[in-house]
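Protein chains: 2
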Amino acid sequence: MTFHGTAQALGAFGVCAAIAVCTLCITKSPAQSTKEGRLQAGSGASPIYGVTIPPGYRDWHLISVKQLIGGAGLKQLRAQLGNDIAIKAFREGKLPFPDGSIIAALHWKEVSSHADNKVLAEGFPGAGLQSSFAGDAVNVQFMVKDSKKYAASGGWGFADFTNGKPGDLALHAKCFPCHEPGKDRDYVFTHYAPTP
Amino acid sequence: MTFHGTAQALGAFGVCAAIAVCTLCITKSPAQSTKEGRLQAGSGASPIYGVTIPPGYRDWHLISVKQLIGGAGLKQLRAQLGNDIAIKAFREGKLPFPDGSIIAALHWKEVSSHADNKVLAEGFPGAGLQSSFAGDAVNVQFMVKDSKKYAASGGWGFADFTNGKPGDLALHAKCFPCHEPGKDRDYVFTHYAPTP
Chain A
1 MTFHGTAQAL GAFGVCAAIA VCTLCITKSP AQSTKEGRLQ AGSGASPIYG
51 VTIPPGYRDW HLISVKQLIG GAGLKQLRAQ LGNDIAIKAF REGKLPFPDG
101 SIIAALHWKE VSSHADNKVL AEGFPGAGLQ SSFAGDAVNV QFMVKDSKKY
151 AASGGWGFAD FTNGKPGDLA LHAKCFPCHE PGKDRDYVFT HYAPTP
Chain B
1 MTFHGTAQAL GAFGVCAAIA VCTLCITKSP AQSTKEGRLQ AGSGASPIYG
51 VTIPPGYRDW HLISVKQLIG GAGLKQLRAQ LGNDIAIKAF REGKLPFPDG
101 SIIAALHWKE VSSHADNKVL AEGFPGAGLQ SSFAGDAVNV QFMVKDSKKY
151 AASGGWGFAD FTNGKPGDLA LHAKCFPCHE PGKDRDYVFT HYAPTP
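Protein chains in written order, with the working numbering: chain A, 1 to 196; chain B, 1 to 196.
Derived by calculation from the structure, the hints in this document are not laboratory data. Keep in mind that the hints are not guaranteed to be accurate.
The list treats identical chains as interchangeable, and a pair is accepted whether it falls inside one copy or across any two copies.
In silico BS3-like cross-links for lysine-lysine, where the CA-CA straight-line distance does not exceed 30 angstroms [claimed, not checked]: (1) Lys183 to Lys118; (2) Lys109 to Lys148; (3) Lys75 to Lys148; (4) Lys109 to Lys94; (5) Lys75 to Lys109; (6) Lys118 to Lys94.
Given these sequences and hints, build the entire structure.
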């Protein structure tokens with residue numbers, strides 16, 4: 001899964017980084033999206049990998065939760081979801097992930113509510129509690145396991161979508177190199193969060 | 001859904017607060033657990049409400065994600081999951097929630113990894129990126145909608161479990177009063193996170 005900040009969030013950078021993680025993909029300028037749009041595998045598919053948005057991914061199982069902060073006011077809350085094949089592998093600690101595994105990383109702007117914090121302050125005087133939650137959607141990323149189709153990238157196909165549209169080629173060219181430090185965990189940095 | 005810090009996390013306080021939020025439940029001392037254990041509805045059920053841990057809740061649908069920070073080093077990442085009835089109501093904006101709705105709030109200690117942040121620093125020089133993720137489980141809380149059974153508490157039964165064991169009566173006595181500010185949203189503070 002990956003870090004991602006929109007150009008808006010990170011100034012001149014669009015950031016896609018595997019997380020806990022990490023794949024780090026940087027687009028140098030939003031203009032590249034137009035320039036390289038013709039290189040995309042299809043109107044709704046990621047360049048290089050041809051990954052489209054898997055139907056129903058919002059209903060998948062929870063793997064874990066993350067926060068990403070950075071300069072220029074970047075502050076995101078994130079959730080990683082897995083399809084049935086991926087979640088089974090996470091729970092059994094099975095590596096490498098079987099073909100058909102898909103991991104989704106959902107990223108939101110992190111926001112807070114004065115009303116929420118007021119309730120906390122009244123309920124817990126002096127505890128200094130502050131809550132924040134998922135606000136506007138930023139982007140969603142996918143890792144799709146197909147050991148034959150994606151043999152050149154550790155068996156994984158990568159994709160990054162903002163408002164339903166895939167990012168450009170420069171963004172996706174960075175995905176696998178940045179996941180390489182996670183080779184001993186089959187290029188997946190996210191750990192399964194224990195069940196409370 | 002609710003805020004919760006263990007006594008360990010919040011010094012003398014056990015905190016259960018509905019979130020985004022909030023229900024605020026405070027136990028004054030861990031000793032109360034023993035004193036009031038006999039008042040619990042059953043070995044595995046929450047006092048007052050008699051709510052037990054719903055089987056399979058870890059596989060429910062993602063509602064949203066939150067962070068809670070506070071004094072004494074409290075730092076949690078949190079996820080809210082809903083069963084089929086609850087998630088349908090969230091997506092349709094249906095209020096009040098129909099009977100049978102159950103909302104789960106999973107809370108973890110928020111931790112970070114030097115290795116992860118090193119990858120980020122190398123991938124995004126100067127961006128100041130820092131990632132954190134769900135570490136050890138803290139507790140899980142439930143809100144169960146049954147408008148007849150729980151008529152005295154807005155139609156909701158509450159429960160808070162740590163290591164599979166329900167919190168004490170004092171903790172649960174605070175749940176509904178703290179959710180009351182959310183009456184116009186059927187006592188639920190959590191908002192459905194948009195699908196990226």
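So, going through the hints one by one against the coordinates:
no. : hint             : verdict
1   : Lys183 to Lys118 : between (45 angstroms within a copy, 16 angstroms between copies)
2   : Lys109 to Lys148 : neither (36 angstroms within a copy, 38 angstroms between copies)
3   : Lys75 to Lys148  : neither (37 angstroms within a copy, 42 angstroms between copies)
4   : Lys109 to Lys94  : between (32 angstroms within a copy, 25 angstroms between copies)
5   : Lys75 to Lys109  : both (6 angstroms within a copy, 18 angstroms between copies)
6   : Lys118 to Lys94  : between (45 angstroms within a copy, 26 angstroms between copies)
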